[in-house]
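Take the given structure of chain A and dock chain B to it, following the hints.
In case you want the letters, here they are:
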Amino acid sequence: MKYKLSYYIIITESIDQEETKQILYATRTSTALVLHKDVIQLLLKSDFDRLSVSMLQELLACEAIVPEDENELEELAEKSKLLSSNLDSLQFTVQTTANCQLGCNYCGQQHVKKNMSDSLIDNVIKRFELILSNRKYKQVDVSWFGGEPLMSWSVMKKLSPKLKEIAKNVNCKYMSHLVSNGLSLKSEIYEELASEMDCTFIEITLDGTKEFHDQRRDTKLKESTFDIIFSNLLSIVNRKDYPINNCYISVRCNVDDRNKEGVVPLIKLLSEHKLQDKIRFYTARVYSWGNEAHLLTANENYSVDEIDWFIELYNAGFNFSILPGTNPVVCSAVTPDYELIDPWGKVYNCTETPLVPFYGSEYVIGNISNDITNVKPFEQRPYTDWYDRIQDKKNGIYCTTCKILPVCGGRCPKSWMDGIPPCPSMKFNMEDRLILSYIHSKTTIKELIEK
Amino acid sequence: MNQIDEIVSSLSRIINYPNKVIDTVDEIIDFDSLFMQAVQLKFDKNTMLTMQYIWSLYQKAFQASKSSDFILANYYYTKVNSFIDKSELPEDCFKYINVYATPNIAYFHYKKNDFLRALTMLEEAIKNIESIESDYYDMHIAKIQQLHNISRLYLKLNKYQESLNIVLDILQYLSSNKNPNYLSPWGKDFIDKCNPKIISNMFSQVFFETILNMILIEELKEEIVIESVFLPLLDQLVNDRVLDITYFEWIKCLEYYSKKNISDFLQLAEKIIISGSKKLYPLKGYLLLKYFEFIKFGKGKQSDSLLYILNKLSDFVNEQLSSLPASIKEMMQVEMKNS
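First to last, the protein sequences are chains A and B. Position in the first sequence (first residue = 1) + 49 = the numbering used here. Position in the second sequence (first residue = 1) + 278 = the numbering used here.
Next up, chain A with everything else stripped away, as it sits in the complex (with noise of 0.2 Å):
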C-alpha cells in the first residue's frame, strides 16, 4: 500500500520560539495538527514508513495522507455531489415583499411597494405541501427574507402556522431563521418569532458604530437607522428570557474600504454593552448584487484587516471559531432541496437573483401564481453541473486547484457564472487563522509532538 501527501494540505511556519513546532492543516476534514518538524519533514518526502502506528492512523483519519492512486479532485467532487443530491433537509426561501426601508449604496436589489398576495400566499403554501409530499424529510427551515421581510409582518403571520402544520402533518421538524435590517425588529416581535414561528436565529446588519453605518445603511429618505436598530438590538438581548428558544441575533457587519475603520469602534461598543455571549458576530467583504460594489475592496487587504478584528474579538472575549468546517455542499443552488419564492410567484434557487434587475429570466426556475407544478426539474437549473465545472480546468475556475476547495466549496457558483471570483479571505490568511487559532483556543487544535 502506498500513500502520498495530500494536495489539500497547509502548514505554517515554526510556532514556537524553539522553533520545533508546525501546524499541519488538512482541509479535506478541517483538522489541525501541530507536530514536530522533523514529522513535517517526513511527510514532505513521502516518508511514511518512519511514522509510527498511531501517527499514521491520525494522518489518515484526517486525510492529510491518502493513497498514492486517489484523484483528490474527483473524490471531493464526487462526495459532494452524492450528498448534495441526497440532504435530508428541505430550505425553503420565502421573499414576502419586495419593499426594504433601506438605500444601502451597495445594494443590488431594487426595491418596490410589493407584498405578496393573498392568492400566492395560498399557493406558498400548496407548493410547500407538494414538496414535502413528494419527498421524506427530516427537518425543513424556512428563510424569511427580503426586501426587508418585516415590512411584510402580515405574509409571515399568515403563512407560518399553516407552513408548520404541514410539515407536522409530515413528521417534519420545521425551524426558521429571519434575515432582517433590524429596523423593525421590536422586542414583542422577537418574542413572537422565537416562540410561535419557530425561529432558530435573526440576522440583522451593523455596518460599524453610528458614523460609518449612518453613511451606508441609510433609509429611502437618507434618514439615520444606527440608533433606532441598536436600540431594538438592546431591547431584545437585555430581556430576562433571551435567548427565548435558543434564538440568538447574529450581527453581519459589511465591509469594504469606506467602513473598515467602524468595525473596531463597533465591536468595542458592542462590549461596552457586554454583548459578547448574547450575539453572534461577524464581518463580510461586500460583494457584487448584480452591481460592482465588489471593486470596493481588495480582497488581500480585507484578509490582512480581518486578521485584526479577529484578534480584537479575541481580547474583548468574544466565542468565535476562525477555522471553517468543511463544505462539501456549497450553497443551496447546487441542491435539489432548495426553493426560493418572490412576492410575484417567481421560484428561484439562489437569493443573490431575484429582485436584481442585473439578473434575467435565466435564473428563474418557475412560476406557482398560476400553477404549483411550474418548476424547472433539477437537471434543468442553473449551477447543477457545479461540481463537474470544478473538476474541468478549462472552465477557468480556480477551485480546480485551490487547496482550501474541501473547506470552501466554491464559494458562490453564480459569481463564478458572473466572472467575479469569490474566493473567500480564508484563501489569503489561513496560516495567520491558524496560528491566531492555537494562541486562543488550544483545544480546537490536537498536539501530536512525537518526532
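For the record, the hints were derived by calculation from the structure and aren't laboratory data. Mixed in with the good hints, there may be bad ones.
Below 30 Å or equal to it, Euclidean Cα-Cα: the simulated DSSO-like pairs (lysine-lysine) are [unchecked claim]:
(1) B:Lys615 / A:Lys128
(2) A:Lys289 / B:Lys615
(3) A:Lys70 / B:Lys323
(4) A:Lys222 / B:Lys607
(5) A:Lys51 / B:Lys373
(6) A:Lys235 / A:Lys217
(7) A:Lys235 / A:Lys269
(8) A:Lys128 / B:Lys320
(9) B:Lys557 / B:Lys434
(10) A:Lys94 / B:Lys320
(11) B:Lys390 / B:Lys344
(12) A:Lys130 / B:Lys607
(13) A:Lys452 / B:Lys344
(14) B:Lys389 / A:Lys128
(15) A:Lys53 / B:Lys344
(16) B:Lys437 / B:Lys390
(17) B:Lys456 / B:Lys557
(18) B:Lys364 / A:Lys217
(19) B:Lys364 / B:Lys390
(20) A:Lys162 / A:Lys235
(21) A:Lys185 / B:Lys390
(22) B:Lys434 / A:Lys217
Derived, one-sided and incomplete: chain A residues facing chain B with beta-carbon distance under 8 Å [said to hold, decoys possible]:
(23) Asp98
(24) Gln106
(25) Leu109
(26) Ala110
(27) Lys128
(28) Ala347
This one's a predicted model, so the numbers in the text were calculated from it and none came from an experiment. Heads up, the beta-carbon is just placed ideally off N, CA and C, and yes, glycines get one too.
Structure of chain B alone, referenced to chain A:
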C-alpha cells in the same frame, strides 16, 4: 435519633469529609488500539498499512452513522468495499477485517432502527471474533463487548428481561467465569488469559451502564433490575480476580434499602460515598438518590441543618460526581430542592 436526624448526620459527614479521594488516571484501553496491536503482531508492515487505511474508512463510516448521516456512511462503506476488492491482501487478513467491520455495520443498522438486522450482525460479530481470539487473547473481551451491545439492542426492542439476563451473564462471566448462556458454548479459558485491567474496565462499564439505565429508563423497573442482575451477583463476586470490593458493598446497600433498614444502609452508603474511588460515580450517585427518597418519606420536621446540608451537597455532586450524565445531575438537583 429520628430518621431525618440520622440522614442529616450522615450527609454532614459526607460533605465535611476532609480527605477528598484523588484518583489516578487509568490508562484507557480502547478496542481500536487492541485491534491495531493484534494486527501489528500478526502482519508485515505493508499489510499493516493497507489495514490501517481500511480501518480509517470504517471509522469514518462509524462517525457518519453516529450523526445519522447514512448517505455519507454508505459512501464510505462503498469506498472501503471497492478498495478491499482491489487490494491483494493475504486471506488471513479478512478474518481481522470482518472482526472490525461487522460490529461497525451492525451499528449502522442500529442507528437506522433496524434492530433485528443489527442483532443478527452482532451475533455474527461474536462468531468472527472466535476465529482470532486464540491469536490474541485480549480480543476475547471484544466478544463480551458485542454481547453487551446485544443487551442494548434488547433494551431498544423493549425486551427488558432478555436484556437483563445478558447483563447478568456478562457480569457473572467477568467476575466468576460462569459461562454466559447466550450463544453458548462460550469458549475455552480465554478469560483467564486476558489482561485483568481490560476485564475490570469492561465490568465497570456494564455495571455502571446498568445503574444509569435503571435510573433513566422509566420502563425498566428498578426492583426487577435489582432482582435480575444485582442480587444474583452478591454470592458470585467472590473470586480471585481483582475487582473492587465496593461493588459488593453497594449491592449490600441495595438490600438494606429494600428492607428499609435505614441505619445499616446509611452506614454502608456513607462509607462508599466517602471512601470509594471517584470513578465509582454511578454507584455514589444512585445511593445519594436513595438518601433523598428516605428524606421524602422520613418523619419529623425538616430542619434548618438539613436545608443547609442539601445546599452544600450540590457542590459535592458537582465535584465528586462530575462525570454523571447531565440528566441525572438535573434529577438530583430537583430532588435536593424537593427535599
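Against the structure, the hints:
no. : hint                : result
1   : B:Lys615 / A:Lys128 : violated, 52 Å
2   : A:Lys289 / B:Lys615 : holds, 23 Å
3   : A:Lys70 / B:Lys323  : holds, 28 Å
4   : A:Lys222 / B:Lys607 : holds, 28 Å
5   : A:Lys51 / B:Lys373  : holds, 23 Å
6   : A:Lys235 / A:Lys217 : holds, 28 Å
7   : A:Lys235 / A:Lys269 : holds, 21 Å
8   : A:Lys128 / B:Lys320 : violated, 34 Å
9   : B:Lys557 / B:Lys434 : holds, 27 Å
10  : A:Lys94 / B:Lys320  : holds, 28 Å
11  : B:Lys390 / B:Lys344 : holds, 10 Å
12  : A:Lys130 / B:Lys607 : violated, 44 Å
13  : A:Lys452 / B:Lys344 : holds, 28 Å
14  : B:Lys389 / A:Lys128 : holds, 22 Å
15  : A:Lys53 / B:Lys344  : holds, 29 Å
16  : B:Lys437 / B:Lys390 : holds, 19 Å
17  : B:Lys456 / B:Lys557 : holds, 26 Å
18  : B:Lys364 / A:Lys217 : violated, 47 Å
19  : B:Lys364 / B:Lys390 : holds, 29 Å
20  : A:Lys162 / A:Lys235 : holds, 22 Å
21  : A:Lys185 / B:Lys390 : holds, 15 Å
22  : B:Lys434 / A:Lys217 : holds, 25 Å
23  : Asp98               : holds, 7 Å
24  : Gln106              : holds, 6 Å
25  : Leu109              : holds, 4 Å
26  : Ala110              : holds, 5 Å
27  : Lys128              : holds, 6 Å
28  : Ala347              : violated, 38 Å
Of the hints listed earlier, those the structure fails to meet are numbers 1, 8, 12, 18, 28, in rising order.
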